[in-house]
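Produce the complete structure using the sequences and hints provided.
Protein chains in written order, with the numbering used here: chain Y, 1 to 378; chain W, 1001 to 1273; chain D, 2001 to 2093.
Don't read these hints as lab results, they were simulated from the structure.
We put the CB at the ideal spot given by N, CA and C, even for glycine.
Please note that the accuracy of each hint is not assured.
[As the list claims (entries may be wrong)] With the Cβ distance kept under 7 Å, some of the chain D side facing chain Y (calculated, not the full set):
1) Cys2002
2) Ser2058
3) Leu2075
4) Gly2076
5) Leu2087
[Said to hold, decoys possible] Straight-line C-alpha distance at most 30 Å; calculated BS3-like pairs for lysine-lysine:
6) Y/Lys113 to W/Lys1140
7) Y/Lys307 to Y/Lys107
8) Y/Lys113 to W/Lys1134
[What the hints assert, rightly or not] Pair by pair, the computed Cβ-Cβ distance ranges are:
9) W/Pro1255 to Y/Arg276: 39 to 45 Å
10) W/Ile1246 to D/Glu2062: 29 to 35 Å
11) D/Glu2077 to Y/Arg163: 52 to 58 Å
12) W/Ala1237 to D/Glu2090: 31 to 37 Å
13) Y/Arg138 to W/Glu1245: 48 to 54 Å
14) W/Arg1188 to Y/Phe213: 54 to 60 Å
15) Y/Gly115 to W/Arg1250: 42 to 48 Å
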Amino acid sequence: MKFASEFRDPVAARALLAAIAAKADQIGATRAKPVHIMEICGGHTHSIFRYGLDKLIHEGVEFIHGPGCPVCVLPMARVDECVEIAEQPGVIFTTFGDAMRVPGHRKSLMQAKSGGADIRMVYSPLDALELARRNPGRQVVFFGLGFETTTPSTALSIQQAAREGLTNFSVFCNHITVPEPIRALLDDPDMVLDGFIGPGHVSMVIGIHPYDFIARDYGKPLVVAGFEPTDLLQSVLMVLTQIAEGRAAVENQYARVVPEHGNPVSLAAIADVYERRPSFEWRGLGEIDASGLRIRPKYAAFDAEEKFGIGYAAASRDVPEIEGCACGQVMTGKLKPTGCPQFGKGCTPEMPLGALMVSSEGACAAYWQYAGARVAAE
Amino acid sequence: MTLRDTHVTMAHGGGGRAMRDLIDEVFTAVFRPPGTEDQARLMAEALQEPGARLAFTTDSFVVTPLEFPGGDIGKLAVCGTVNDLAVGGARPLWLSAAFIIEEGCEIALLRRIVGSMAAEAALAGVRIVTGDTKVVERGKGDGVFITTAGIGVIPPGVEVGAARIRPGDAVIVNGVLGDHGATILAARGDLALSADLESDCAGLGHLMQAALAAAPGLSAARDCTRGGLASALNEMAAEAGVAVEIDETRLPLRPEVAGVCEILGLDPLYLAN
Amino acid sequence: MCLGIPGRITAITDEGRLMAMAEVSGVRREVNVACVAGNDLGALVGQWALIHVGFAMSLIDEDEAEKTLQALRDLGEAQETLEQMALTAEALQ
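In structure tokens:
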């Protein structure tokens, strides 16, 4: 496949691995004293495991899996709200497939569906819009989930619904943003990160400058990366090179897709439809200032929170997470998935306890799917 | 011809005349089972041989849509059970077929499904010798569900099973991967994907017989249905206590199947075949 | 969630709603092109875009892709030379 398979070339990958090894030796990285590089995006976590990069790479480079998996950082209270909306009479609740099995306190969306709620998996918010056109007597709600990559798609869908005058389409907005939790991670005194692999598809929307503070204020290198194996390896090499040269800058390995200043149409649509919430709750990270979005009052007719009186603003937030689930610690890089006592015992992809075991981008699910032999050995 | 309805009604499951007409015209006229008793009475010469063993398997089939490019639920229901027998080294001989039909199902559709079952059974050299139908109320089924059971004979001396796999064995796949799974995903229509894809579901009985004749040392075989090649290899590896190394660049994969996987974030190794 | 893949825009299907047909390895799906539509919608046909949840989110810059690939090829050649040298050294021992 053009623009994908060329970036999976094994010869180039071996060359990059050799160059990474040389650079890691140069800066004195060892298994006992590794360089910690966080890949922020769950898509990168998935690629690293799918291609076994963590096994192939020099032992002095350790990947820390970041919070960039939207369903993984989704608190259970949000899932409960989804179920509550989905169970309203006349509602067709639409969602990306990733969110179906995330456990809530009462049930997951999949369990709600089996209980009779009309819940449908869609590939695109456009498909939810089409459902609304075809079912004028029903209320179609789309679960707006995800980072800046996905936010423009729901913003543009709401604008389109407004243009068409649809009265039965709304979005349950739980969109979140990338830079704010990174700041929260960097402010954590226990944090040991030496550099970042930046999210490629978030950056194609917002550009590379929203990360400037990471290099400028915290002195950490960040390289925006593509999702193919040589993209990731090249980005690791670029981070190590910065460390070796004593620099910290924001660099762009994924320039074929990511424009320096992002995509102006997407940014305008986001600004038109959404505004920042004062703060938003992240699973494992707690409340983070200005890290979530809500629908502006002028689009209130398309806001499921307004329509149903259910949501972040309305709900009591004092809801405990499941006992024994260590997702929070895994997400902040303090614990490896295999370090969680529930991993593979009380928590498997079939019967997940925590969200990290649900999404294919979650660190635990990636470990489980692609690292079986290694897990057994550990 | 006494069956005039165009759609199945609850009367077709009621045990009276309507049911008899449906069974006679749609099912028995096509399958032509030996005899009219509720049981099939079977005789296999192959089983007379000392050391020959009986193989017996069953599987239920549900698929949306019922008809898709390259096949339908009927073809799946015959191939699936034939293949479960074949990959164990058995020569498939007889099948049973039980249908759960949703009220409102088009009778023309049923005829097409039954026709493709008969055609596939003829190709595989098996007979559909007994069966059953039930009708459920609208909304309580998904068109048609089919359960088939199959009986075959494993000739003396044939030993095929995952426990026989040894380090050094090669993995052979007999076709391209994931065509069936990708076809079904695209054919559902709710993802609005279109592609020139066809399910390659097929009976593997003759192929397995030929493979066993050519390579009597063949250690194990699987029909990689749900869960794809990866699940089949994982199962076999676990049972045999071996690891399997796959050269990803040499996997036989159509670009369209790779495309469907890329769009939906799926791994073709896990796609049904 | 942030899964995005390169697809080629093959036709404009609905100018009013800014919809186009995109093709990924022979698989077609209608996508929204609002984010990448300039003044001339027709100019999109034949271009490659990054597709995410039914939207063309960014046009792929073929020159930048080529630059990255060239860097990879250079590295790969250097690596093959190194591997060759190592093999030769081994043979001479």
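Item checked: Hint check against the structure, violated hint numbers in rising order -> Violated hints (numbers, rising): 5 and 14; every other hint is consistent with the structure.
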